[in-house]
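Q: Take a look at the letters that make up each chain.
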Amino acid sequence: MSQEYNNNHEILIKFVNLTKRFGDFIAVSNVNLEIKRGEIVGFLGPNGAGKSTTMKLMAQLLKPTEGEVWIRESRNGIGYENLVKLTNHNKDILLDNIGFLIESPAFYGNLSPRTILKYFGKLKGYPRKKLNSRIEKVLGMMGMEEWIDNKIKTFSKGMRQKIGIASAIIHDPDIIVLDEPQTGLDPKARKDVRDFIFDLKKMGKTIFLSSHLLYEIGEVADRIAIINNGEIIAFDTLDNLEAKSEKSIIQFEILAFQEEKVQSYIEELKKVIFPVTGIDVTAQWIKYNSDSRRFQVLFDGKPSNQFKILKELIYKGYEIIEFSVPKAGLLEDLFIELTKKNTIKMEE
Amino acid sequence: MIVKQQLEDEEKMMEMKKRKKTGIRRNLTQIGDTFTFELRKNMIPFIIMMIITALMFTLFLILQTLQEVQDIPLPEDPIKYFASYFQFIFGFLVVLTAAGFAGSIIAEDFQKQTGNLLFPKISKSRLFIGRIMARFLMNAVCILFYYILVSSITFIKYGEIPTAILLSLAWALYYTFALFSMVTFVSSIMRSTSASIIASIFLYLLIFTMIAQIMNFLAGGVEPWFLLSYYENIITSILNMPEPRYNLITFPIGLGGVREFYRWITPDVPTAFWGIFMYSTIFLILAFARYQRRQSKSEG
Ligand SMILES: Nc1ncnc2c1ncn2[C@@H]1O[C@H](COP(=O)(O)OP(=O)(O)O)[C@@H](O)[C@H]1O
Ligand SMILES: [Mg+2]
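Residue numbers (our numbering), protein chains in the order written: chain A, 1 to 348; chain B, 1 to 300.
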């Protein structure tokens, strides 16, 4: 580890060439990431990309095939000392300052949150006399104070997930690792979880948060690492990712369009539009969304090309009644593009 | 505001200092906390097992009473009366309670990824030790409960409790530990709690009995020390050690020929001690080795 990293006290976690193989299969491939104090790093990737495996490596639940995890040692919960390489021998101390919720573990249904959280708090050495008030405080922050002594088997999925998050933070760690905390929840519970993540950030926590959906992460994360097939293919702020992707979507609607002929329309449109989108031939596409009755086409985001596309369409006699660059659709598509083509090179 | 922040920081510093327990002290407190948590977590299985224990005793009591009603006299020796409560079904009680307490001991962490809540917080070895202590204690209490029930009825009938039964109890608990270890091993290789409970009982009731039968027939002269269930016999035999420790069985084959074989009744004390010791150790080591390597199945 170079002196430079040790001196940069802003970095709390660092993955160095982290690699995990299961037999011949590479689940995590040469991952390099840094997580700074107080930031939320989103960890985005489709199912099976290697998100949970990376988090398990961080928790020493799995041993890396190659590479290292470095964690900054906390000095009595206030300042920080050096970045230290995580091993089996120092994991008790180093991991004390991190709270994990990896995948979606089930709870013991016959016990109450209080019993379970008390056990977890004790395991992590939280002062015993303060445990009860800590449990009440944490569940209170999540609006679950009335449920503290109820059996977990009576809880909804969203409530269980909140208990899962509570179990990760019960010992008041500075770093919190949450693996797809919003997956499978209803919209209300998803919003609760997201709000809670914001609360944690306000308290100065450092958060590493995974998801397979960009919109869950885009709202909260300061920086996003995109992982696909075990490799990090991008790591930046959302704005920079968008700028770097040099891509956007145009959507347009054609008057009196006959849906049965969509395929031949698309073939015709390709000939008209593809020469002026400004992006590589292999990455181009046009699709039709039957819900909105609109066509979508990928282009390089430059206004001059946006105008060229419109001009060509009109010139060829298409009766365009709607033509726009939607902000919302772009995020999802950016992510799909990235994981499909690996077109963005990670900044060195 | 700033003052308040400073106070909070100081308070936090004090707290963190207190919790900097690592090494052996951390190991011990974690094992202790796991122990109490496990007792709590398994309270319902415990109550169920105590009820089953009481029911089994009641069943024997009814059988005894039926015999008495038919004017079959009570054995003169209270030890004989006592031992009659340990025929056939006691081994089943042991395997049932062991399966009840140890069936989930490892499988439960992988069945629904519950282990992902625990392992970053506690190592598998500490969890394993704490769990075995708590659950074996509960298992032992069930067995003790059965002894207390049988002793009570013996006292009612005879006005005395032979002290030799304490020796029997010690062997019963030792043997229970071996079966408990076996179930722990089964739990380490099975996918779910229910699968390991069923597999353990099946292993005991069918496989062990079958091997014993086959061995009797094929190699009747060899003492079946390699059969875990053979050691169960010491629990009652210790009250009244037979001499010799086998029956010679003869039966005719072909034209006037006779075939003889031994049916072993019980191991002697050293054989039983080392046999049970060997079984418990091997099962626990295998179970832990498997536990260490085992990963929860990813949903990805
Ligand atoms: N213990 C394991 N043995 C073999 N393959 C595994 C194991 N754990 C995960 N994998 C594989 O590694 C890949 C990454 O899994 P995972 O990290 O769970 O993905 P994600 O969390 O991003 O959905 C998947 O293809 C998964 O099947
Ligand atoms: Mg996952």
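The set of hints was computed from the structure by calculation and includes no laboratory data.
Note that the coordinates shown come from a computational prediction; the quantities given were computed from them, not determined experimentally.
Wrong hints could be hidden among the right ones.
As the list claims (entries may be wrong) - Restricting the straight-line Cα-Cα distance to at most 30 angstroms, the calculated cross-link-like pairs of lysine-lysine (DSS-like) are:
| # | chain 1 | residue 1 | chain 2 | residue 2 |
| --- | --- | --- | --- | --- |
| 1 | A | Lys63 | A | Lys91 |
| 2 | B | Lys80 | A | Lys205 |
| 3 | B | Lys80 | A | Lys151 |
| 4 | B | Lys80 | A | Lys91 |
| 5 | A | Lys85 | A | Lys63 |
| 6 | A | Lys157 | B | Lys112 |
| 7 | A | Lys91 | A | Lys191 |
| 8 | A | Lys137 | B | Lys157 |
| 9 | A | Lys130 | B | Lys124 |
| 10 | A | Lys191 | A | Lys157 |
Q: Against this structure, judge whether each hint is valid.
A: Results for each hint:
1. A:Lys63 / A:Lys91: holds, 12 angstroms
2. B:Lys80 / A:Lys205: Violated, at about 70 angstroms.
3. B:Lys80 / A:Lys151: violated, 48 angstroms
4. B:Lys80 / A:Lys91: violated, 58 angstroms
5. A:Lys85 / A:Lys63: Answer holds: A:Lys85 to A:Lys63 is near 13 angstroms, not above 30 angstroms.
6. A:Lys157 / B:Lys112: Roughly 14 angstroms between the alpha carbons, so the hint for A:Lys157 and B:Lys112 holds.
7. A:Lys91 / A:Lys191: violated, 33 angstroms
8. A:Lys137 / B:Lys157: violated, 60 angstroms
9. A:Lys130 / B:Lys124: holds, 27 angstroms
10. A:Lys191 / A:Lys157: holds, 14 angstroms
Hint violations for this structure: numbers 2, 3, 4, 7 and 8, all remaining hints satisfied.
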